[in-house]
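*Asks:* As you go down the protein sequences, you meet chains X and C in turn. First residue of the first sequence? That's 14 in my numbering, and the numbers climb one at a time after it. First residue of the second sequence? That's 87 in my numbering, and the numbers climb one at a time after it.
Hints in this document: simulated from the structure, not taken from any laboratory. There's no promise every hint is true.
The calculated lysine to aspartate or glutamate pairs, modelled on DMTMM-like cross-linking and capped at a C-alpha distance of 20 angstroms, are [stated by the list, open to error]:
1. Lys81/X with Asp107/X
2. Lys81/X with Asp67/X
3. Lys69/X with Glu51/X
4. Lys49/X with Asp148/C
5. Lys69/X with Asp148/C
6. Lys99/C with Asp148/C
Which chain C residues stay away from chain X? Per the calculated CB distances, all over 10 angstroms, these [as the list claims (entries may be wrong)]:
7. Val90
8. Pro94
9. Lys99
10. Gln103
11. Gly114
12. Ser119
13. Glu138
14. Arg141
15. Phe155
16. Asn157
17. Ala166
18. Leu176
19. Pro192
20. Arg195
21. Val198
The structure displayed is predicted, hence computed values, not measured ones. Idealized CB from N, CA, C, for every residue including glycine.
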Amino acid sequence: GEDVEQSLFLSVREGDSSVINCTYTDSSSTYLYWYKQEPGAGLQLLTYIFSNMDMKQDQRLTVLLNKKDKHLSLRIADTQTGDSAIYFCALWGDNQGGKLIFGQGTELSVKP
Amino acid sequence: DAGVTQSPTHLIKTRGQQVTLRCSPKSGHDTVSWYQQALGQGPQFIFQYYEEEERQRGNFPDRFSGHQFPNYSSELNVNALLLGDSALYLCASSFRAGADTQYFGPGTRLTVL
């Protein structure tokens, strides 16, 4: 089945850029999402990219997709302490029907 | 515009009991998906309901069942609770099943003692 992997932890200084990476195995994924989860809360949709795109920018967020290497990344510019949370990449494709396949999440810690 | 709502927020049960969790989708959405998120893990798909039918199911036993009502709200039922069922249960809503973006509720934290 589909496998989605993320590094578990990332620590950055306030004001720096953060880059969170995700690798996957199923090349048929059509939509690739980034969700944010704060402690004790549900998932907040941050952004998504369609598989025929290489890049998408949305204010401080930049998503890069390398389909050849099956690699997805989320860059957060000017990272703030309020960005501290767990970030999940999630994939949807025709092979998955209605379900999203999630990575295990990357915990971002932003130090002042 | 209300987002996805879930109730209750927290729940404590003992092994062997049964539990029912509830979800109301975002306005305009007709599809509800349920996910289980164990501590320190990513969410795992349980099943999806559309047009009051279970459309797809993940790798969960029959102890997990659901229902969707004509107003698109949904229930998740878990029978014969095990300690391992302790998790955050997330509901997501979308439009017309399939590729539409899923929006998540705040979740129900279930603790089984």
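*Asks:* When the hints from earlier in the document are held up against this structure, which numbers fail?
*Replies:* 3, 4, 5, 7, 12, 14, 18, 19 and 20
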